[in-house]
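Undergrad: Residues per chain, in single letters:
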Amino acid sequence: MSSVIVAENLVKLYAGQRVVDGISLDIKRGECFGLLGPNGAGKTTTLRLLLGLIAPDEGQVELLGHVIPVQAREARQRIGVVPQIDNLDPDFTVTENLMVYGRYFGMTDAAIEARLPELLEFANLTHKRDVKVPTLSGGMKRRLTLARALVNDPDVIFLDEPTTGLDPQARHLIWQRLRELTARGKTLVLTTHFMDEAERLCHRLAVMDNGRIISQGSPRELIADNIEPEVIEVFGEHAAAWAQSHAAGHVQRFEESGESVFCYVNDAHPLLLELQQHPELRYVHRPANLEDVFLKLTGREMRE
Amino acid sequence: MKTNHYAFPQLSLRFVPIWRRNYMVWKKMAGPSILGHLADPVIYMLGLGYGLGGMLPQIGGMSYIAFLSAGTVCYSTMNSASFEALYSGFARMHEQRTWEAILNTPITLDDIVLSEMFWAASKSLLSGVAVLMVIWILGLSHSMMSLWIIPLSLLVGLCFAAMGLIVTALAPGYEFFMYYFTLVVTPMTLLCGVFFPVDQLPAMLQAVSFMLPLTHAVNLARPLLNGVVPIHIMADVAVLAAYALVGYYVSLVLFRKRLAQ
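In order, the protein sequence lines correspond to chains A and B.
Here the first sequence stands for residues 1 to 304, numbered as in the working numbering.
Here the second sequence stands for residues 1 to 261, numbered as in the working numbering.
Honestly, the hints are just simulated from the structure, not real lab data.
Worth double-checking, as some hints may not be accurate.
Said to hold, decoys possible - Straight-line distance between alpha carbons at most 30 Å, and here's what the computed DSSO-like set of lysine-lysine pairs gives:
1. Lys141(A) x Lys27(B)
2. Lys28(B) x Lys132(A)
3. Lys141(A) x Lys28(B)
4. Lys257(B) x Lys132(A)
5. Lys128(A) x Lys28(B)
6. Lys132(A) x Lys296(A)
7. Lys186(A) x Lys128(A)
8. Lys257(B) x Lys128(A)
As the list claims (entries may be wrong) - Covered, in the sense of this in silico footprint (three residues per stretch, anywhere, with C-beta under 8 Å from a C-beta of chain A), are these stretches of chain B:
9. 4-18
10. 23-37
11. 91-102
12. 106-120
Stated by the list, open to error - Counterexamples of contact, computed for chain A against chain B with all Cβ distances above 10 Å:
13. Ser3
14. Ser24
15. Arg29
16. Asn39
17. Arg76
18. Gln77
19. Val81
20. Asn87
21. Val100
22. Gly106
23. Lys186
24. Glu256
25. Arg282
26. Arg286
Cβ atoms here follow ideal geometry from the backbone N, Cα and C, with glycine treated the same way.
Next comes chain B alone, as it looks inside the complex:
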């Protein structure tokens, strides 16, 4: 009898106790963690927003710092989920053998990968909410529609968690993650409309940008913060959801193969 690594995932609520485990670990260092979620985006927003923004005209009817704030929400949530799925996920899988311990219980790998995805997305949610508070405090958004940033952060988190888990499943060690950050995350930050509108790019790069999930996250976040309904709302949500679902399945297949060794 052979195991079918490609079998359709069996989803259950058994991932919840693992999520709770991760939450218990996080709670012990919540202070530094929240500070980290706030400090980086705030420094970017203030530094670039006021510093660079002071020399720039308005973009699409908004100040540069308001323009940048939407990008910051998205790239912060992307980073939170990516770091969690890569470094912390790898530690739980490989270094601490947490997965191995869990697999000796009635929980399966399908549940574990789902828990990793939701946990990393929870970190994104936290990060999204933290940046949103800063945006409100700085008076950069006045619309109730900005509350939609909260579920959007979760969706963006699921998308990047799933992508990150693929990398974790393939990683021989922590060094491997540098490829992903250098070749995927950093280019995405620069090509997806975080710091400047995508239409500033040459046509070819615009085409690349259209394929990348962060572009669609920014397409949603920016109008929402501005109190406007995004134009291609269904398409943007569909792209993010597709990355999340396909990413979950691909990473699960890769983890099944890896752990069958």
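One chain only, chain A, in its complex shape:
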């Protein structure tokens, strides 16, 4: 597969702090690549570097064969961007937003108009085509932003936290649309801090923290590489005391968080037998998921 984005050893400093600290990426055509990390990990800054909106202090980026940021203008002709914070034109209707945005790519009005039905259909906004932006719901605005990013029929689409702030229904619709885009061969690069989003959508992920990539691979690889395959969560006020006295012998690793104990095991049987002797404890047995990996890699403490 050919690479559409190659970044080598990117470093970006803000006020002496290494917000991005040695990021290297190789994103292939047609894949959905996720940057996963807690707030302040450097995800958005990485996206801005890849797009050439800011210049790195060290390292280089090639996007669709163009050297960034020098040839960013040429590259952006084939790029779509869905920003984290809405920047639709509030004075315009849905179609006016698409028309005006298409002109920024040098498209003729006729060329944009020819794309409108498909874009409106894709965004489920055909019935809202002449409605002004401020009257749209959050999900509709986000879909319009996605349609707007597709007006130039881009090869690569960057999405910065595409479903943050949306309700579950709106989120599922966006996910469905993004899967349709990858099915059509588009390359997606998205940032998120939702594990289920990353696990469902992304072919490959890079987990970021403190400006660095701390692990990279498919969701399954990340789980297999970083964590035991099975998890038993034990809850209740006695859970902590039980874990201290009994769990250590049966588990590879356990972590306490509030009233829960997370036991990571290669084989759950011995622990399940042990738990049957403690009817006062409640527990859930499940396969390890991305959230377990994420919490292991980035820690459980709050980021504020």
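Let chain A serve as the given structure and place chain B on it in line with the hints.
TA: Relative to chain A, chain B alone:
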């Protein structure tokens, strides 16, 4: 690799779609906008021109209201471009994040700042034409040379748009613009020959007045409305153009620094 914020601007026609965007927004509220461009200058011209002018002798061979009309054209065009570059420009840059959306397309900041400058100057053009119509209707100018007010309005607009954009680039919020209006725009209205001839001022203030762009706009507008070729036509045009060009470059450098954050 470091971006050079001081790099020479790369100009292209890509600013035109942004100008069209602003025009589309303006068209939706064209009525109130045109009324605003007319009401303020007309009230000043009629109120001061007839009210105050009735007590005054002729100035340089013309009635006070005719004298004032040239000043009004200039300060109206100054105000139009300044308000657009400051308040509306700041809204597009900061509040509505319109620039951010545009920067994700093949358009660069150089194009955006150029579009802001031409858009604000277009508002000045509109304002200049509106006042010129009033001048014709009131019979205050009888010369075909008054048509030169139209390109002059555009030049004055570019000059004040560029100056205003510098302020916008530095502004943390809307409150900041009060400094510019109080410390720059209002003094200019009073020192640059809008309401009375500059030679009425003490020598020191005359020297200050000579440095200010509005003086040179008035130096051009007044003879043109009167059917006379301005004396220092090249010098006056050069000062206005210099403010526009230097202002564009300085504001662009400041915007580059601001948006690199």
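Undergrad: Each hint needs a verdict: does it hold in this structure or not?
TA: Right, here's what the structure says about each hint:
1. Restraint check for Lys141(A) and Lys27(B): satisfied, since their Cα atoms lie roughly 24 Å apart, inside the 30 Å limit.
2. Annotation: proposed proximity of Lys28(B) to Lys132(A) holds, straight-line Cα distance about 12 Å (limit 30 Å).
3. Distance restraint check for Lys141(A) and Lys28(B): the Cα-Cα separation of roughly 21 Å lies within the 30 Å cut-off, and the hinted pair is therefore satisfied.
4. Distance restraint check for Lys257(B) and Lys132(A): the Cα-Cα separation of roughly 34 Å exceeds the 30 Å cut-off, and the hinted pair is therefore not satisfied.
5. A distance of roughly 19 Å separates the Cα atoms of Lys128(A) and Lys28(B); the hinted pair therefore holds under the 30 Å criterion.
6. Taking the CA atoms of Lys132(A) and Lys296(A), the gap is near 45 Å; set against the 30 Å cutoff, the hint is violated.
7. With a C-alpha separation of about 26 Å, the suggested pairing of Lys186(A) with Lys128(A) holds against the 30 Å cut-off.
8. Between the alpha carbons of Lys257(B) and Lys128(A) the distance comes to roughly 39 Å, so the proposed pair goes past 30 Å and is violated.
9. Restraint check on the region 4-18 of chain B versus chain A: 3 residues with Cβ-Cβ distances below 8 Å, three needed, restraint holds.
10. Interface restraint, the region 23-37 of chain B with chain A: holds (3 residues with C-beta to C-beta distance below 8 Å; minimum three).
11. For a cut-off of 8 Å, the count of residues in the region 91-102 of chain B with a CB near a CB of chain A stands at 6, and the three-residue condition holds.
12. Against chain A, the region 106-120 of chain B contributes 3 residues with a C-beta closer than 8 Å to a partner C-beta. That satisfies the three-residue criterion, and the hint holds.
13. For Ser3(A), the condition that its CB be more than 10 Å from all CB atoms of chain B holds, with the nearest at approximately 20 Å.
14. Under the 10 Å C-beta cut-off, the non-interface status given to Ser24(A) relative to chain B holds; the minimum distance is some 16 Å.
15. Arg29(A), annotated as away from the interface, keeps every beta carbon of chain B farther than 10 Å; the closest lies near 21 Å.
16. No beta-carbon of chain B is positioned within 10 Å of the beta-carbon of Asn39(A); the least distance is around 18 Å.
17. At roughly 5 Å, the least C-beta separation between Arg76(A) and chain B is not larger than 10 Å, which violates its mark as non-interface.
18. Its beta-carbon lying about 5 Å from the closest one in chain B, Gln77(A) breaks the requirement of being farther than 10 Å from that chain.
19. With a cut of 10 Å on Cβ distances, Val81(A) falls inside the contact zone with chain B, its closest approach being about 4 Å.
20. With a cut of 10 Å on Cβ distances, Asn87(A) falls inside the contact zone with chain B, its closest approach being about 4 Å.
21. Remark: the non-interface label on Val100(A) conflicts with the geometry, its nearest Cβ contact in chain B lying 5 Å away (cut-off 10 Å).
22. Distance check on Gly106(A): its Cβ comes as close as 7 Å (rounded) to a Cβ of chain B, failing to clear the 10 Å threshold; non-interface status is violated.
23. Remark: the non-interface label on Lys186(A) is consistent with the geometry, its nearest Cβ contact in chain B lying 16 Å away (cut-off 10 Å).
24. With a least CB separation of 40 Å from chain B, Glu256(A) remains clear of the 10 Å interface cut-off, as annotated.
25. The beta carbon of Arg282(A) sits about 48 Å from the closest Cβ of chain B, which is more than 10 Å, so the claim that it is off the interface holds.
26. With 10 Å as the threshold on Cβ separation, the claim that Arg286(A) sits away from chain B holds: the shortest Cβ distance comes to roughly 40 Å.
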